[in-house]
Amino acid sequence: MGWGILQIVVFVVLLGLIAKPLGAYMAHVFRNERTFLDPVVRPVEKLTYRLCGVDETREMGVVGYAMSLLVFNLAVLLFMYAILRLQGHLPLNPAHIPDMSPTVAFNTSVSFATNTNWQVYVPESQVSLLSQMLALARENFVSAAVGIAAAVAFIRGLTRHSGKQLGNFWVDMTRSFLYVLLPIAIIGTLVLVSQGVVQNLDGPKHVVTIEGVTQSIAQGPFASQEIIKELGTNGGGSYNANSAHPYENPTPLTNLVEMLAILAIPVALTYTFGRFAGSQRQGWALFAAAMVILLMSVTVMYASEQKGNPILTKLGASQASTATQAGGNMEGKEVRFGIASSILFSTVTTDTSCGAVNNGHDSLTPIAGGTAMLNMALGEVVFGGVGVGIMGLLVNAILAVFIAGLMVGRTPEYLGKKIEGREMKLAVLAVLYFCVTALGFAALAAIVPAGKNAALNPGPHGLSEILYGTISQTGNNGSAFAGLTASGRFWSTIGGFCMMWGRFFFIIPCLALASSLAGKKSVPPSPGTFPTTGPIFVVLLVGVILIVGALTYFPALALGPIVEQFLMNAGKLFG
Amino acid sequence: MRDFIWPAIGNSFVKLDPREVARNPVMFVVEVGSVITTFYLILGLIHTRSDTAFVGAVSGWLWFTLLFANFATAMAEGRGKAQADALRKMRTETFANLVTDEGTTQVPAAQLRKGDIVIVSAGEVIPGDGDVIEGIASVDESAITGESAPVIRESGGDRSAVTGGTKVLSDQIKVRITSDPGETFLDRMIALVEGAQRQKTPNEIALTILLAGLTIIFLIVIVTLQPFAIFSNAPQSATVLIALLVCLIPTTIGGLLSAIGIAGMDRLVRHNVLAMSGRAVEAAGDVDTLLLDKTGTITLGNRQAAEFMPMPGVTEAELADAAQLASLADETPEGRSIVVLAKSYGIRERHIDPESATFIEFSAQTRMSGIDLDGHAIRKGAGDAIIQWVRQRGGEVPPLLEETIENVSLQGGTPLAVASDERVLGVIHLKDIVKGGIRERFDELRAMGIRTVMITGDNPLTAAVIAKEAGVDDFLAEATPEAKMDLIRSEQQQGKLVAMTGDGTNDAPALAQADVGVAMNSGTSAAKEAGNMVDLDSNPTKLIEIVAIGKQLLITRGALTTFSIANDVAKYFAIIPAMFMVSFPQLRTLNVMRLHSPHSAVLSAVIFNAIIIVMLIPLALRGVKYRPWPAARLLRFNLLVYGLGGVIAPFIGIKIIDLILVTFHLTT
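Sequences listed follow chains U and L, in order. Take the first sequence: its letters are residues 45 to 619, numbered as in this note's numbering. Take the second sequence: its letters are residues 3 to 670, numbered as in this note's numbering.
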């Protein structure tokens, strides 16, 4: 157990070390200042604008920004859909994979365009190499860049002192791709390849296993796909087993690199925010609040998983951790990762809206599975997805300031800007969509036959599978409780709605909120203003995120994972 | 307080009108829930169901929740209504002596229009708001201000405004009416205290949106819970679901929100301040910069003679004697203070033969005053004026004079030179006296993050000394109305909210520009129109209290919001196990309060939810105690009391109610 805790500590320290340099670099990038990459990248960037006819000095208001974002997403969605539908007739298809069916292609296109990467398809048998590269991996870059662009626009709005402009969508997106995502992805790919992640254009390898059966193992340009899958908090694996597959995540080192890649940009954006706000302490406050919740999740999950299954204990199985065995609940986990690196990955992937998995979440103990679910249900704000995470965190900060801010005897203000009716309306909208879709569609699925029959297990675990499905898709997470068969028409359709609403009904109100705040004068801080830095604010923010989240999902979770845990403790299983 | 309770109870029922409740989304949901449970109660009575008593109890307490919230509002309004009634009595029909081309005619006061001119004589009630355009009179304004001492109202200057309903005690004045009937000060005051014109303030609107948002979220939680419950083979009755919903939505703050707002206005009224809008009260809490007039606010009204500083060869007594002579006819407070100070040199009252003495009055040209007595001319005045006067008479000016004058200035005093014929006798040091305790007030304000700026007509040198002595953060010296305006604008440019007081007509633009402009009731009607508050006591120091009242209002609102939301945690632990314990006995572990039964648990939570509103009414009306602390400390303290307290209190409260229900066999 000592080693497990050490793994967690090392990871957290490394994260803290990444935040500042990457955050400061991104601040330079998005203030359109010179960076050390300029000699190489700037000409490419200029050429891009010239070819696309973008005037990089022109700023957009909320309507322009939002419309560009939506139209662009629609275009890439259609492009992706076309490739998937036609892949059987296109080159780079060594495994002779046929065209994708309309339902699955729709769900997959929406899934990748919304940065969800919910996978109703089996990658090895349903996606050609061209689709992997041109549709999926490319979209992984694009959806991440869109997320960062939205976040940058949002931060600009919050920290500006005049005007209602949010920046230029095309410039923000291009710069996040060229200056941030691409360089890190190139380095990351090389690191992964050095550890044995596959990167080729070959067809599947047919091997005879030690059991004597033939197995065909898909291959392809997967290391490059793997890194952006994490870095962009996309999560869609090249293999069905995702990051549990040895070709995606072969060693403990790649596991560490992948986890760091998932959190790198979301964490660094808190620092970038501090730069924009002109006060680094503002950024660190957000960092601290998210880190506290992350560590809470890790603690609960680690304790629950290491304790293992009481039913097995009763049957005489030892689940104690020793020098030679991990102990605890190892069902659904890879031996090379053990308990700590598995639940750390689970926390990281559900706290952010990544959704890559290195273990089976369906096999987690009920409380750990419920924690993973709650992580997502909090609105993907524990650092959260690339870009959208910090937006969610900031919306929560605004809510926290509004609820408690009056208690210092001033009308609430954040970064010196007054939070009034209009801002409140937009902030409420930006949090409301989540429970509407996540709970609403789960409730629908729980009563219609097509919905509930898709769940593998009856009783509380079945409800957990349903809830996990809608929460994961609404949160644009994309990880799944394996028990749910989501490829049917009902689930593909509500899944598509969840993902689209989860993405755009969040981003659009947020941009409007930013624009509304952008025009406001900001009052310089004084001893009389509400402190949005320091420990009290961190406690408050954590409290608001947890209480509002817990209050919303407690009844549903009580009938799912909570009751399941009690039943398991009492010796009752389902399925 | 007691007198309001009965009418308030009656009004609580009147306010059940759904059209009125609909203004408050939280309470509207409670009302709908009450109606639905009542419907189930009736169904239960018809079909004699076994749980009818439970449904009836829940339904009853839901109605109580609504009534309690209405009662809070009615109580807050009641106080205002009583005040309004008292004011209305003053508006009895009076007659006015209207000046027309043909002379004067008697017309009912209600017929007066803006611009009419009336004559009011001693013993008559002033028929409407207006400005005195001729004459001077003492006026009894006790009806409005509660202050029994009469005040002087005269034409021109800053004391020309009179208010309808007040009474002229002596002399006769000619008044130009400045408001149409129905829009007079008295009318507005009645409307304000009665809450008739009460509109939601910006912060109230934003808070209502948040509360509505939370209500929608919980509505979704409850509506979706039933399908989950059905999936889990544990379907719930509508009564239990509605009970949970009402417990979860923020009824505590939702029920008390308007009472808090009305009570805040009422607190101002009791401080004899009339706010023209609730917006102004909120703005008062947000003020970043206070502009305070030096005279009357920071220093005692007037400068006083503090010291006689003789020139070489002159004794102090000699100087004091001359100074007193020169000031005998000087009726200004400064002049009188010189006479008083001179007495301490043993110079007593003296009688001067008016035949042999000529008093020279102060004029802006000569900038001197004094006396010609027995062939001697004694003068006191500004340094340079006296120097010029002495030189004209061929006298020598001692070199020490200029030095002394400058020293006095450097210390923040006002030097007055005294000369007798061609001899300069010395200098009188007039000093501003800073009010006791004001420094501590400014320290408090600074701790609260509020910057104080002293406004004065003095020169920068004098201003700096007083500013330092009083402990203000900044000062504006040689202030003109334009400079004042510029200062307000530049503060606002930085996003700051500015509060100020003013009384003169030349203050009007600045009062209008300031976010909180408090006009003195003694001031001109232009000033009163421009400001958004009127202080009936005309006490400029009250600005500080106004800020505190604004903050108190906001703190009360925030504290109860936090408390309300924090309450939900305990309610979940009461109701969720109660709902599902039958299907999943293992969930008993979540019943941390060890409540007796599912029915008693749900009922206890609903009763707590209703009773807490009543228990918090005094707090809502009185306001959370205001402490002049920095924001971080206030936040820590209030989070502990209302946040943590809000989490813990219902656990205890619900448990106690459950025990009572069980002890008296009020539940199954």
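Derived by calculation from the structure, the hints in this document are not laboratory data. These numbers come from a predicted model, not from an experiment. There's no promise every hint is true.
To be verified - Computed list of lysine-lysine pairs in DSS-like fashion (alpha-carbon distance at most 30 Å, straight line): (1) L:K176 to L:K91; (2) L:K17 to U:K208; (3) L:K17 to U:K469.
As the list claims (entries may be wrong) - Covered stretches of chain U (chain L as the covering partner; in silico rule of three or more C-beta atoms under 8 Å from a C-beta of chain L): (4) 437 to 451; (5) 487 to 495.
Glycine included, each C-beta is placed from N, C-alpha and C at the ideal position.
Each hint tested on the structure:
Under the criterion of a C-alpha separation no larger than 30 Å, the hint pairing K176 of chain L with K91 of chain L is consistent with the structure, at around 25 Å. At roughly 43 Å between alpha-carbon atoms, K17 of chain L and K208 of chain U are farther apart than 30 Å, so this suggested pair is violated. A distance of roughly 27 Å separates the Cα atoms of K17 of chain L and K469 of chain U; the hinted pair therefore holds under the 30 Å criterion. Judged by the Cβ-Cβ criterion of 8 Å, the region 437 to 451 of chain U is covered by chain L as claimed, because 7 of its residues qualify and three suffice.
Chain L is given as covering the region 487 to 495 of chain U, and this holds because 4 residues of the stretch bring a CB closer than 8 Å to a CB of that chain, at least three being needed.
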